[in-house]
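Asker: Protein chains in written order, with my numbering: chain U, 27 to 292; chain W, 6 to 532.
I should point out that these hints are in silico values taken from the structure, not numbers from a laboratory.
Built from N, CA and C at the ideal position, the CB exists for glycine as well.
Some hints here could point you the wrong way.
[As the list claims (entries may be wrong)] What follows is a list of derived Cβ distance ranges for each label pair: (1) U:Ser279 / W:Val284: 55 to 63 Å; (2) W:Leu83 / U:Ser143: 26 to 34 Å; (3) U:Gln147 / W:Arg174: 50 to 58 Å; (4) W:Val95 / U:Ser72: 36 to 44 Å; (5) U:Asp47 / W:Val284: 24 to 32 Å; (6) W:Gly513 / U:Ser72: 37 to 45 Å; (7) U:Asp47 / W:Pro131: 55 to 63 Å; (8) U:Ser143 / W:Trp281: 38 to 46 Å; (9) W:Ala524 / U:Ser143: 52 to 60 Å.
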Amino acid sequence: MAPDRTPPPEVICTGLAKVFDSGTEAVQSLDLTFAAGQTTALVGPSGCGKSTVLRMIAGLETPSSGEVQIDGAPPAETLRKAGLSVAFQDPSLLPWRSVRGNIELALSLARRPIDASAIDQLIALVGLDGFGDTRPAALSGGMRQRAAIARALATKPGLLLLDEPFGAVDELTRQQLAQDLPRIWEAQGTTTVLVTHSVSEAVLLSDRVIVLSPRPAKIVADIDIALPRPRMAEMVRETAATDLIEQVFTALSDGMAAADRPLAAQ
Amino acid sequence: MTSLTVESPATGQLRGSRATPWLGILIVLAGWELAGHLLTAAFVLAAPSEVIGYLLREWQLMGRALWTTLGNAAAGFLIGNLAALLLAGVALLWPRSERIVTGLALLVFCLPLVATGPILRVFFGPGSGPQIILAALAVYYTTLIPLLVGLRAAPDSWFDLVRSYGRGRFAALIHVRAMAALPYFFTGLQIAAPAAFLGAMVGEFTGAEKGMGVLTIRALRALDVEMTWAVATVATAVAILAYVAIGSLARRVLLSDPPVILATPQSARTQRTAWWDAVLVTLLALAIWTSALWIFNLNPFFAKGPTQVFDALFIAADAAATRATLGGALSETALFLIPGYLTGLVAGAGLAIVLVLAPALSSTAMPLAIALRSVPIVTTAPLVVLLLGRGATGTITLVAIMVFFPTLVACLHGLRQTPGQVLDVFDSYAAGPVTRLIRVRIPAMLPAFFAAARMAVPASVLAITVAEWLATGSGIGSLMALSASLSDYDMLWSSVVIVSALSALGYGLVGMIERRVLATYAPEQLS
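Turn these sequences into a full structure, and let the hints guide you.
Answerer: The structure is reproduced here in structure tokens:
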């Protein structure tokens, strides 16, 4: 691959906790390790603090206690080298720039050279062929999220942080993306952290699924996903995958029960 | 801080009806021509054909005057907008100063142009100084407020994006904040352009040698109906053209219409901090006033400081007489101002409701109302006075018109903010149009209505003082003009202080009612 890519780092969170000014305790003493080059999914009920964990890894939120180390250095170090990308829950595309313009902005913010043909390839990859010069307002919610994913990939980050990146994408496109995107970040060699509440998506995309309890987030289960790659969308219906999906579901509802919040009460 | 911003009227539902304003304009022109011929004997109205005839005869006179005023307005436009950019920059670099900056800006905006004009005239002597300063004063507030809204318009996640690539506040300013503020800046400029023309004309009323303002005064004195109407028509046309030109420039740059900003943001502060701010702003204003007199070393005969004004109002031998004169003039003004203000509000909101019930009318009326909102009232004041006389009807109508258009536009926008899904719920219970209006649409309109009511306070004070000065010869506007011509500077400065204070107070009072209402009907706007 291109020489300008950052090698995938190892991310270690120790005693990570976050209490917001409002008094809300989002995360309570969490120890997590994300292996270099692996894809890890954080799964948990809505509002459990998984997005907060992601934001702390990205250096956008300062932990109340504990620390995040990316290859032994604080996130600020990675930020300074523009070594990570975040695909936010809200696509956060600038409305006055086209899809291409938004990707170019990311590259120039990250102080990377702008390679028009590489951008075109990315746009094609997320299925936005022919929409490169379209502004976000003219795109559907799902198309915007795909543009945001293309933007996140454009800087070839060593660390890729995805916060519910497929929330607004329709089911079919979602499956297609879940099948295609991992190839890119595998080829680029990234450490990927994916926050999602779709269990099947977590299983299909990741090497490892970490199940979190309701707020404040604690680890309920840590499940290895030993499915062969490349993974096809159909695999979610095969026994090996369904067993894993079942396992994650059980962990999720155990977590809810332990927090005295059974699923039925949600 | 929260604010009232809505999408531009030309987008969305109205996109397909771009051509319809011409119909409205044609109807107005036809009615005007007809009335002109019917009222020939009354010497109050010149028909469009007569106005065109006058312009063809006197195009050189009119051209020279227009050129002069345009030059002054352009200079003031530039200075005022630079000042607005500077103030917005201060508020941005030091966020805590924002409330003070806007408070001081409001106070200066409330200064009665009718009195600051003559004071500036004494200060500058002959020439174009006062015209330019007054144009700048009329402009900076209309640009500052949208700018402040615009600089806060970008959602947090855009800043997160910039930070996630390891870049700081400067990159965020360039790539996100400035770009997000651009549409709002254009909105400000769009309203500022006609306002600059108004300021320049008022400056010319104060004894300039040439310009459209001078022609207005001359026409009024000579009771020259054709000339009055011709000057007003040209001034109105220039104002609308400036508004439309900046709008189309904005569309070219932004590829979309600039947003419509109805009012200053209402900040979410508590009542107590609001009082503190008011006290702080007052003290600061007094300090700036005193030090300005000292720095410029002005002649104390005409340049009065806060202590002299206090002295004139409370200590001097004739203080009681001064207060009585001021009080009398103020109550004369209030007698016309308050009915005019209320009539304008009720008529604006009422027509907005009628137009919503009859949407076919709305597509013709709305663009016209938006364009007319940009017409500086000063240019039409002589006409209203000619038509309706120098008494109560003329003055009240003038104030009402000044309040009417912004209220109409704001309420139409407010009514359009009605959440469609709530209306669907009402439909599913087979609720009739009147029920929907009372239960859903009017409550949804209230925030916009009150925002307009708040902004209309300084505007209506401006309208009535100008009318009193130019035409009616009663009330505080006339008192200020008289004091200026008699060199009674104690009285002049006292009037300036009282009018600005009352104007700002009225603004604050409506703001207080607004907060009460919003707390019930639109709590999200206060959070």
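Asker: State for each hint whether it applies.
Answerer: The hints, checked one at a time:
no.	hint	result
1	U:Ser279 / W:Val284: 55 to 63 Å	holds, 59 Å
2	W:Leu83 / U:Ser143: 26 to 34 Å	violated, 45 Å
3	U:Gln147 / W:Arg174: 50 to 58 Å	violated, 33 Å
4	W:Val95 / U:Ser72: 36 to 44 Å	holds, 42 Å
5	U:Asp47 / W:Val284: 24 to 32 Å	holds, 29 Å
6	W:Gly513 / U:Ser72: 37 to 45 Å	holds, 43 Å
7	U:Asp47 / W:Pro131: 55 to 63 Å	holds, 60 Å
8	U:Ser143 / W:Trp281: 38 to 46 Å	violated, 60 Å
9	W:Ala524 / U:Ser143: 52 to 60 Å	holds, 56 Å
Hints 2, 3 and 8, counting from the list given before, are not met by this structure.
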